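Undergrad: Residue strings, one per chain:
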Amino acid sequence: MDIAADVRSGAAVVATGDRTRSTVYHRATFESFYERDYHAVVGLLTALTGNRSTAEDLAQDAFLATHRRWHHISCYDNPEAWVRRVATNLAISRFRRAAAEARALLRMRGERPVVESARNEFWDAVRGLPSHQAQVIALYYYEDRPVSDIAQILGRAEGTVRAQLHHARQSLAGRLQLNDGGES
Amino acid sequence: MNLDEYARNAAQSLRDEVRSTDSEVPSLAPARRKRRLVALSGAMALVMALVAVQVLRPSPDGNAVRTIDAAARPDGKGNQTVPTRPTTPLPPCPKNFNAAQHDPNCAVGANEEGPAIVAAGDELGRKKAAGEIPRADLYGFTGTYFTEKVTGGQPSVLESSVLAAGATSVVYALVRNEHNVAAQLGGVATIQHADGSTSDVELSSMVPNARPGEPVPLAGEFDGSGADTIVTVTASYLSQGRSALEVSRNWEAYETQPDPAGTGQFSGVLFNNTGSPATPTVVLALRSEATGSLRVFAAELVADEYRGADGTVVVPPGAGIGFRADVPPDVLSSLTADVVAQDLLLWVSS
Numbered sequence: 001m002d003i004a005a006d007v008r009s010g011a012a013v014v015a016t017g018d019r020t021r022s023t024v025y026h027r028a029t030f031e032s033f034y035e036r037d038y039h040a041v042v043g044l045l046t047a048l049t050g051n052r053s054t055a056e057d058l059a060q061d062a063f064l065a066t067h068r069r070w071h072h073i074s075c076y077d078n079p080e081a082w083v084r085r086v087a088t089n090l091a092i093s094r095f096r097r098a099a100a101e102a103r104a105l106l107r108m109r110g111e112r113p114v115v116e117s118a119r120n121e122f123w124d125a126v127r128g129l130p131s132h133q134a135q136v137i138a139l140y141y142y143e144d145r146p147v148s149d150i151a152q153i154l155g156r157a158e159g160t161v162r163a164q165l166h167h168a169r170q171s172l173a174g175r176l177q178l179n180d181g182g183e184s
Numbered sequence: 001m002n003l004d005e006y007a008r009n010a011a012q013s014l015r016d017e018v019r020s021t022d023s024e025v026p027s028l029a030p031a032r033r034k035r036r037l038v039a040l041s042g043a044m045a046l047v048m049a050l051v052a053v054q055v056l057r058p059s060p061d062g063n064a065v066r067t068i069d070a071a072a073r074p075d076g077k078g079n080q081t082v083p084t085r086p087t088t089p090l091p092p093c094p095k096n097f098n099a100a101q102h103d104p105n106c107a108v109g110a111n112e113e114g115p116a117i118v119a120a121g122d123e124l125g126r127k128k129a130a131g132e133i134p135r136a137d138l139y140g141f142t143g144t145y146f147t148e149k150v151t152g153g154q155p156s157v158l159e160s161s162v163l164a165a166g167a168t169s170v171v172y173a174l175v176r177n178e179h180n181v182a183a184q185l186g187g188v189a190t191i192q193h194a195d196g197s198t199s200d201v202e203l204s205s206m207v208p209n210a211r212p213g214e215p216v217p218l219a220g221e222f223d224g225s226g227a228d229t230i231v232t233v234t235a236s237y238l239s240q241g242r243s244a245l246e247v248s249r250n251w252e253a254y255e256t257q258p259d260p261a262g263t264g265q266f267s268g269v270l271f272n273n274t275g276s277p278a279t280p281t282v283v284l285a286l287r288s289e290a291t292g293s294l295r296v297f298a299a300e301l302v303a304d305e306y307r308g309a310d311g312t313v314v315v316p317p318g319a320g321i322g323f324r325a326d327v328p329p330d331v332l333s334s335l336t337a338d339v340v341a342q343d344l345l346l347w348v349s350s
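Respectively, the protein sequence lines represent chains A and B. The first sequence begins at 1 in the numbering used here and counts up one residue at a time. The second sequence begins at 1 in the numbering used here and counts up one residue at a time.
If you are wondering where the hints come from, they were derived from the structure by calculation, not from laboratory data. These numbers were taken from a predicted model, which means no experiment stands behind them. Hints are supplied without guarantee of correctness; some may be wrong.
Facing chain B, according to a computed beta carbon distance under 7 Å, are these residues of chain A, among others [what the hints assert, rightly or not]:
(1) Val-42
(2) Phe-63
(3) Leu-64
(4) Phe-122
(5) Tyr-141
(6) Val-147
(7) Ser-148
(8) Leu-178
(9) Asp-180
To give a feel for the contact side, a few chain A residues facing chain B, derived at Cβ under 7 Å [what the hints assert, rightly or not]:
(10) Tyr-38
(11) His-39
(12) Ile-92
(13) Ala-173
(14) Asn-179
Note that the Cβ used here is the ideal one computed from N, Cα and C, for glycine as well.
The following block holds chain A by itself, in its conformation from the complex:
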């Protein structure tokens, strides 16, 4: 990921003309994109997985996937949506698979399963929601994104996201014994 080293690595790289400039441009853009969005994605993943280390690993996976396809993704209107969609999908698969594996392993040892969870009551409750609702809530509250953004990130219709947000908020209000202010 050292762009300068890539460019320094040989005259041929610099001499290949527009294609090289384009590649360097993409890489440079990815660097800034990565630095700008890394913490946000880790936070989003921490909300969804309840585990900071897992979140960092998944963020690395999501950004690596983005980097591999950066020459395409950088042309998108909103590359940040792409990495967030990959990240949230990874989080759901990872969390549920990890939980299933933990259950299986602990059953083999004759122990009761203990699934790691964050201390925060709210995010615990979010992770107890159906996964498609948890994704919406994390983006809505953690990233403070409007419904239109969430719909774009998750590849869902706005009406669907609005409905999922509504149902998720109702569920959370019930579980946490809070007033649902009727927002959204």
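Go by the hints and put chain B onto chain A.
TA: Chain B in isolation, oriented as in the chain A frame:
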């Protein structure tokens, strides 16, 4: 306290925690990832080996865990039987249809609001040409080619390919239900053989009950020479209606990407939202960028905890179950995260 106030406090706490514990952005570390993957792959290999003993055991009903694509295996061996299921048309939706609370088993009317539809049908071609292929995420279906604007005419033939697998060849076609009620689709492919002669191959649907606007894969086998080409594919409606439902599409699927340089296994998790114990059938379709061919294959269930003594996999309501499929090598070579994100089609039914 108000939920929004509470939630925003929780979000701020988490943001503060993330920033305070690590203000440095680490460099992307492929080496670290590689080490982790090596460790993971070792563990996964052990788990898979254990699971394979269970998964490869034939199920009593003979169609739950069957791999139909023989050429998906490097040695060309495999079960080439195309699974068929009894089909029953889907019931109508209630008149005051609500997309958010829809019953995924009902027939969504063409003029009703569909669930999670990303792009309208007449935009699909333009979006695909622009590299913006939209995905639809419905219960029991994930992928492209879904439309909420059906034509009302014959089923659309979206893709087709012929695949030689030894003495037997398979025709695959992806067709879309263009009526505003659920339907069982079938078709006929006219094949031209190496000697110039032609023959018709009957195609049956690998997915029961196509919803309005939903694409489904058809398949049919014939004795091929390896040099056969498709002349035409014609799709038709075999049955439509609004009677009682026996097939459920109330499955929620999360797929993961195969490692393009790794095992070529495509895996994911399903959740049973049917409300009752059920055995899912998972069918996947991918279009190879390299060859342009459509490949359709069934996934195996990774289901040690839900497999009964008789070998039957029954997933309790609300529970999740893993699935996996070997991606054909020619498809794998052109597979990237981007392709998977945009071109994979996945159906689950029970």
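Undergrad: With reference to the structure, classify each hint as holding or not holding.
TA: Hint-by-hint comparison with the structure:
Interface restraint check: Val-42 (chain A) against chain B, minimum CB-CB distance 6 Å, threshold 7 Å, status holds. Taken as an interface hint, Phe-63 (chain A) checks out: its beta carbon lies about 6 Å from the nearest beta carbon of chain B, inside 7 Å. The beta carbon of Leu-64 (chain A) is positioned within 7 Å of a beta carbon in chain B (closest approach about 6 Å), and the interface hint is therefore held. Residue-level restraint check for Phe-122 (chain A) holds (minimum Cβ-Cβ distance to chain B is 4 Å; threshold 7 Å).
Of the supplied interface hints, the one on Tyr-141 (chain A) holds, with its beta-carbon coming within about 4 Å of a beta-carbon of chain B, less than 7 Å. A least Cβ separation of about 13 Å between Val-147 (chain A) and chain B goes past the 7 Å threshold, and the interface hint is therefore violated. Hint status for Ser-148 (chain A) relative to chain B: violated, with the closest Cβ pair at about 13 Å, above 7 Å. With 7 Å as the threshold, the beta carbon of Leu-178 (chain A) comes within range of chain B, its nearest partner Cβ sitting at about 4 Å, so the hint holds.
The beta carbon of Asp-180 (chain A) is positioned within 7 Å of a beta carbon in chain B (closest approach about 5 Å), and the interface hint is therefore held. Of the supplied interface hints, the one on Tyr-38 (chain A) holds, with its beta-carbon coming within about 5 Å of a beta-carbon of chain B, less than 7 Å. Evaluation of the His-39 (chain A) hint against chain B yields a held restraint, the C-beta minimum of about 6 Å falling below 7 Å. Given hint, Ile-92 (chain A) at the interface with chain B, holds; its Cβ is 5 Å from that chain's nearest Cβ, closer than 7 Å.
Because the closest C-beta pair between Ala-173 (chain A) and chain B is about 5 Å apart, less than 7 Å, the hint holds. A least Cβ separation of about 5 Å between Asn-179 (chain A) and chain B falls short of the 7 Å threshold, and the interface hint therefore holds.
Hints 6, 7, counting from the list given before, are not met by this structure.
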